[in-house]
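> Sequence:
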Amino acid sequence: MANPTTTRRDGEATRQRLLRAALDLYTTIGFRATTTPAIAARAGVAEGTIYRHFSGKEHLLNEVYRDAQRWGTGVVREPEEERPLGPAERLRQIGRRLLEAASRDPPLTRMLLRSREEQHLNEGSREASREFRGALRQVVASGESEGQIRSGPPELWTDVWLALVAFGSERIGSKEWGAESPEIGMTLDAAWDAIAARP
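Take 44 as the starting number for the sequence shown in this note's numbering and just add one per residue.
Derived by calculation from the structure, the hints in this document are not laboratory data.
Think of the CB as a built atom: it goes at the ideal place given N, C-alpha and C, for glycine as much as any other residue.
Treat the hints loosely; a few may be bogus.
Cross-link-like lysine to any residue pairs, in silico, SDA-like; alpha carbons within 20 Å at most [to be verified]:
{"no.": "1", "residue 1": "Lys100", "residue 2": "Arg147"}
{"no.": "2", "residue 1": "Lys218", "residue 2": "Arg147"}
{"no.": "3", "residue 1": "Lys100", "residue 2": "Pro127"}
{"no.": "4", "residue 1": "Lys218", "residue 2": "Glu166"}
The calculated label-pair distances, taken between Cβ atoms and stated as ranges, are [what the hints assert, rightly or not]:
{"no.": "5", "residue 1": "Gly177", "residue 2": "Ala84", "range": "21 to 29 Å"}
{"no.": "6", "residue 1": "Phe210", "residue 2": "Ala240", "range": "34 to 42 Å"}
{"no.": "7", "residue 1": "Gly54", "residue 2": "Asp232", "range": "45 to 53 Å"}
{"no.": "8", "residue 1": "Ser185", "residue 2": "Glu161", "range": "23 to 31 Å"}
{"no.": "9", "residue 1": "Gln181", "residue 2": "Gly54", "range": "37 to 45 Å"}
{"no.": "10", "residue 1": "Ser194", "residue 2": "Ala84", "range": "22 to 30 Å"}
{"no.": "11", "residue 1": "Gly129", "residue 2": "Arg75", "range": "38 to 46 Å"}
{"no.": "12", "residue 1": "Pro122", "residue 2": "Gly91", "range": "18 to 26 Å"}
{"no.": "13", "residue 1": "Glu55", "residue 2": "Pro242", "range": "30 to 38 Å"}
Sequences and hints are given; from them, build the entire structure.
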């Protein structure tokens, strides 16, 4: 008779392999081009194994998307360094953490910063995205209230800032830029300059 603890552990390990395979494929060839046989092959399991854990590839997409959004929310809410930071320093710290992650795990940051598969996202995934963007928007709104960020809708400035960080993330993830490339700092400067209040 199989040990229930071992069976659960093996089941969770298989589930994690499927999630990782789906994340890697969705962020390289896209949701539409990804098939369940390809996910299974990448995870090293039979295709039927997917359906023991997930209802299909859309379910897998929502799981990996939510995980990425929750991770991003954690990055934004991560405690500041030793002292409270102003909005410019705080956004730079968040941007640097996201870009460092892009060099370690490009698929994770790609999934965090993408919205192309929005029609396939369920309400839980949309809520996780709103939470990530909302946490970042709070940083932007505090900068606006302090007069450091342009007046206007914080949603707009959040999206502008994220677009530039996503640009840098993609360059790092595709190995165009190394972890110490000067373009990283320039990209973070450009992201701030795009939303900073004008004198």
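> Run every hint past the structure and note whether it holds.
Now the hints, each set against the structure:
A distance of roughly 25 Å separates the Cα atoms of Lys100 and Arg147; the hinted pair therefore is violated under the 20 Å criterion. Proximity of Lys218 to Arg147 is assessed by CA-CA distance (about 11 Å); at most 20 Å being required, the pair is judged to hold. Proximity of Lys100 to Pro127 is assessed by CA-CA distance (about 43 Å); at most 20 Å being required, the pair is judged violated. Taken as a hint, the Lys218 and Glu166 pair is broken in the structure, with Cα atoms around 34 Å apart against an allowance of 20 Å.
Between Gly177 and Ala84 the Cβ separation comes to about 38 Å, which falls outside the hinted range of 21 to 29 Å. In this structure, Phe210 and Ala240 break the distance hint of 34 to 42 Å, their C-beta atoms being roughly 22 Å apart. As the Cβ distance of Gly54 to Asp232 is approximately 47 Å, the hint placing it in 45 to 53 Å holds. A C-beta distance of roughly 28 Å is found between Ser185 and Glu161, which places it inside the suggested range of 23 to 31 Å.
One distance hint, 37 to 45 Å for the beta-carbon pair Gln181 and Gly54, holds here, with the actual separation near 38 Å. About 52 Å separates the C-beta atoms of Ser194 and Ala84, a value inconsistent with the hinted range of 22 to 30 Å. Remark: the range hint 38 to 46 Å for Gly129 to Arg75 is upheld by a beta-carbon distance near 43 Å. In this structure the supplied range 18 to 26 Å is violated for Pro122 paired with Gly91, their Cβ-Cβ distance being about 44 Å.
Judged by the Cβ atoms, the range 30 to 38 Å given for Glu55 and Pro242 is violated: they are separated by roughly 55 Å.
Going through the hint list in order, the structure does not satisfy hints 1, 3, 4, 5, 6, 10, 12 and 13.
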